[in-house]
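Trainee: Take these sequences, add in the hints, and give me the full structure.
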Amino acid sequence: MHYGKVAVITRTKNRNILLKRAIESVINQEFQDWIMVIVNDGGEQSAVDQLVQQYESKANNRIVTIHHSTSKGMEAASNAGISYVDSKYIVIHDDDDSWHPLFLKKCVDFLDNNLYPNTYGVITHSTRILENIDQKTVTIHHKEPYNVWLRSITIYRMAADNVFPPISFVYHRSVINEIGLYREDLPVLGDWEFNLRFIEKHNIHVIHEELAYYHHRLEITNGDYSNSVIGGDSKHKYYDTIVRNDFLRKDLNAGKQGLGFLINTSKSFEIVHSQISPIESFISNIKSNRFLRILFRRN
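At the far end of the sequence shown sits residue 415, using my numbering, and the numbering has no gaps.
One should not assume that every hint holds.
For lysine to aspartate or glutamate, the following DMTMM-like pairs were computed, each having C-alpha atoms within a straight-line distance of at most 20 Å [said to hold, decoys possible]: (1) Lys259 <-> Glu325; (2) Lys383 <-> Glu325; (3) Lys221 <-> Glu325; (4) Lys222 <-> Glu316; (5) Lys252 <-> Glu325; (6) Lys351 <-> Asp367.
No lab work stands behind these hints: they were computed from the structure.
Mentor: Shown next, in the form of structure tokens:
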């Protein structure tokens, strides 16, 4: 079985323009003890093989490929890649995302030397990159901090919604023996559901540096080059309910208040917060605007 200290799992389907960038993202890491598994989930096989062959020398034969003749879904692709190789750590590097060259080094250094109790995963802050694809050219339009407000990860905050993308998360393979693999029946939000089970058992540390690059193509809402979070917005909303109901049913069947109760309650608080935020902004603008202070002056 192939081995690398870090197993980098890359899911792809007919997106070789982006897959090329993903391969280079991994090859250009300062930390080099990795094995990359490209899971071609129902896409054209020859194109992927030809692309990987171009990098055989640079990668020192550390890229292996799995071909699914038909698409089995994102989480089935993740599980196939994880099970195909051995490693100490795991990270999901989707074909459309990328890393700063120091990403793996910083994450592995933390995990190797971690002194925090019960901490088996680490994330870095992310940069959101807005881009578009015109024929065979990727054009970046804008970059912005994605989750730099995140100082630590609590079960409560994760219960409201996912607070980091897969590209930023490195974790101990041993945790899978405890909580299981990704749910293959979830076409979307499988990473969030996995993260919930993960943080229910173990802590996740935050490195306060933007070393993970989370790419979005807002103008492409369908087809192979769309993002699941952009092109599948209605699907996300549907399966968000499925995940919350599944966890709550486990609580009800067990006759206790657990994670299911928490993820449904925290979602309600997040909705209330989103409704209050515009009001807070309006009040803040009034306080900072001299004319409005006079207009709304209290006698």
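Trainee: Has the given pair, lysine 351 with aspartate 367, been kept, meaning a C-alpha gap of at most 20 Å?
Mentor: violated (25 Å)
Trainee: Could you grab the alpha-carbon distance between lysine 259 and glutamate 325 and see if it respects the 20 Å cut-off?
Mentor: This hinted pair holds, its Cα atoms lying about 15 Å apart.
Trainee: Lysine 252 and glutamate 325: Cα distance at most 20 Å?
Mentor: violated (31 Å)
Trainee: Hint check: lysine 221 vs glutamate 325, CA-CA at most 20 Å. Holds or violated?
Mentor: Measuring from Cα to Cα gives roughly 13 Å; hence the hint holds.
Trainee: Sort out whether glutamate 325 lies within 20 Å of lysine 383, counting only the CA atoms.
Mentor: violated (28 Å)
Trainee: Quick one, are lysine 222 and glutamate 316 close enough, alpha carbons at most 20 Å?
Mentor: It is violated: about 24 Å lies between the C-alpha atoms, which goes past 20 Å.
The earlier numbered hints that this structure contradicts are 2, 4, 5, 6.
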